[in-house]
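A.B. asks: Use the sequences and the hints to build the structure in full.
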Amino acid sequence: MASVMPFDNAVIDGTAVPASTFIAGSGEYREEGVDVAVTTADGRIHRERQAVLRRARFRVRGNLAASLESGVGPTVPVSLKLGANAIAAFSGLVTARYLAGKRETRVEIRGDAEG
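Quick note on this note's numbering: the sequence shown kicks off at 1 and runs consecutively.
Quick caveat, the hints were computed from the structure, so don't treat them as lab data.
Treat the hints loosely; a few may be bogus.
Quick list of the computed label-pair ranges, beta carbon to beta carbon [unchecked claim]: (1) 53 <-> 73: 28 to 34 angstroms; (2) 112 <-> 14: 40 to 46 angstroms; (3) 24 <-> 52: 25 to 31 angstroms; (4) 32 <-> 67: 36 to 42 angstroms; (5) 38 <-> 83: 38 to 44 angstroms; (6) 14 <-> 82: 18 to 24 angstroms.
The structure displayed is predicted, hence computed values, not measured ones.
Just so it is clear, CB atoms sit at the ideal spot from N, CA and C, and this is done for glycine as well.
C.D. replies: Okay, structure coming up:
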């Protein structure tokens, strides 16, 4: 089962996204484990964590797509906070899409698998 945590401000590759630009309640950070089960000769089942996947998404007011998009290539540093409390810091690929009709930018971050 994934851990889900809210956040309301972020720093993406040095670009601060303050809480004042967030659409309330849209910041969601997830950590999911990639697990395997191994049965040994004695009949015991052992569960092993192979990797941890990190994902985040949020919406902000205005067109921030160009300044937040990481593009194809190396990952960028990402830091997520809820108020002043750190939620997560990791590297990831950032995709941002501006929706002109709603005047908001939707941001999705896929973190590197750690394991």
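A.B. asks: Now tell me, hint by hint, if it's right for this structure.
C.D. replies: Here is what the structure says about each hint:
1. A hinted range of 28 to 34 angstroms is violated for the C-beta pair residue 53 and residue 73, which are about 20 angstroms apart.
2. The given range of 40 to 46 angstroms is broken by residue 112 and residue 14, whose C-beta atoms sit roughly 18 angstroms from each other.
3. In this structure the supplied range 25 to 31 angstroms holds for residue 24 paired with residue 52, their Cβ-Cβ distance being about 28 angstroms.
4. Between residue 32 and residue 67 the beta carbons are some 28 angstroms apart, a value that contradicts the proposed interval 36 to 42 angstroms.
5. Look at residue 38 against residue 83: about 41 angstroms separates their beta carbons, and that is inside 38 to 44 angstroms.
6. For residue 14 paired with residue 82, a C-beta distance near 20 angstroms keeps the hint of 18 to 24 angstroms intact.
Consistency with the previously given hints fails for numbers 1, 2 and 4, ordered from lowest to highest.
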